[in-house]
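2 protein chains.
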Amino acid sequence: MAITGPKSIQVCLSPALLPYYHLDDTVAVVIDIFRATSSMCYGLANGAKAIIPVAEVEECLAYRKHGYLLAAERNGEVVKGFDFGNSPFSYTRDRVEGKTIVLTTTNGTRAIRHCAGATAVAIGSFLNIGALSNWLNKQNRHILLVCAGWKNHVNLEDTVFAGGVISRISHDDIEMDDSAQVALAMFRQAQGDLAGFLSRASHAKRMQHLHIEQDIAFCLQTDTIAVVPVLQNDALVCLNEDQYVSLP
Amino acid sequence: MAITGPKSIQVCLSPALLPYYHLDDTVAVVIDIFRATSSMCYGLANGAKAIIPVAEVEECLAYRKHGYLLAAERNGEVVKGFDFGNSPFSYTRDRVEGKTIVLTTTNGTRAIRHCAGATAVAIGSFLNIGALSNWLNKQNRHILLVCAGWKNHVNLEDTVFAGGVISRISHDDIEMDDSAQVALAMFRQAQGDLAGFLSRASHAKRMQHLHIEQDIAFCLQTDTIAVVPVLQNDALVCLNEDQYVSLP
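These protein sequence lines are chains Y and G, in that order. Taking this note's numbering, the leading residue of the first sequence gets 1, the next gets one more, and so forth. Taking this note's numbering, the leading residue of the second sequence gets 1, the next gets one more, and so forth.
Hints were generated in silico from the structure; no laboratory data involved. Among the hints, erroneous ones may be present.
The list makes no distinction among identical chains, and a pair is therefore deemed to hold if it is satisfied within one copy or across any two copies.
Calculated cross-link-like contacts (lysine-lysine; reagent style PhoX-like; alpha-carbon spacing at most 25 Å) [what the hints assert, rightly or not]:
no.	residue 1	residue 2
1	138	7
2	205	99
3	205	80
4	151	49
5	49	205
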């Protein structure tokens, strides 16, 4: 197959808008910067065998019998009775290496499930933005960047990240939708001072009472890991090296 | 009633996101720059008695017996058998003065109907941005700027306009959601060269074959009219002067 780079880039700014996008011949990238997709990338980079994203807390509980680690977050907090939620500090090597994790979060895991019809579903965060963008650059598909947002509302951090990916996809005359233009413009405004720019965002208020300033700072680190998590048989795993160049 | 200005500003970037916003105690402003809300403002400024926005072509046809002017647009074109569509040049004084117009458009009129639960529904365009913003500044309500978009996709021109309104609402510590931050940032990037900035937008491709460059230029004129159209009993009319200061 000839590799000529992405055919187009679109940004879906809220999961509620997904029904209006085609997923055929498309690589979908799910983005939930604070904190689901950042933690997923970190956990897989730390040797987790797989992360199974599920939409509902009850689905998550159903996996207990398999001996998996169970993780559930709602409204920013760990759901009572679960091993952990979506703080990246729970996904360290000593806790996750060799383990399978079943995770449900307020926004991110639902967005992943809604993308299941795409040719491929990958996971993005600032931690792996370089690896992800390099890989996307080699896909001769449409690219759809899906912002998980917050309860179907658009959020600043996922939008800015989508723009960051677009800024790294170096295909001069690539077709972009208006949301992609918006995301790229937002990233260009933000990139000089990402943390400062995002401190104006709703997450700052939303997460204030949770005392997760450290999580926020962690999730804004750029290019600290090189994995590209993709969905395979309902579980997120790291791409094999032989898949790294382009999708089959 | 004490008048202290708007309580908050939110931007709904697509009609598909409206179910996630509260409309209580809220002034909703519907925005469909190319071209529905621009033409509505222009028509009412030119003496149209009322404009009745309807969602479907069939609803529009049902009004024929009343002797109203019927206007219908789909996919940017006048629907066959109708008096006119949504080009502003159809809404000149000689055609609309004293008349009631029934209008259905691809995006704008549907968005208006979906906002019907708000405390008030107003109509925005660059043509009346000054009058609209002055009036909004006097409302002690929540403000929700509703971008009609294009078939539920976010578009650049409606987003930029929402940012323009926000830039004129001079309430320093007003609460804004992330979409409002996005819109304001986009307006600030666009304002130096609105037409140039928007030429990158999808409308440029979408409308190319329609040869409506004149319509586009018309709709980007700023502060040419002073009306504030509002929804009253399912019809858009100009605010009376005694209502101009604040809502009852």
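Verification of the supplied hints:
Taking CA atoms no more than 25 Å apart as the test, residue 138 paired with residue 7 passes inside one copy only; the shortest distance there is 11 Å, against 48 Å between copies. Taking CA atoms no more than 25 Å apart as the test, residue 205 paired with residue 99 passes in neither setting, with 34 Å inside one copy and 49 Å between copies. In this homomeric assembly, residue 205 and residue 80 come within 25 Å of each other (Cα to Cα) only inside a single copy, at 23 Å, whereas the closest approach across copies is 51 Å. In this assembly of identical chains, residue 151 and residue 49 lie within 25 Å of each other by CA distance neither inside one copy nor across copies; the values are 29 Å within and 41 Å between.
With identical chains, the CA atoms of residue 49 and residue 205 are never at most 25 Å apart, being 34 Å at best within one copy and 46 Å at best between copies.
The structure does not agree with the numbered hints 2, 4, 5 stated previously, though it agrees with the rest.
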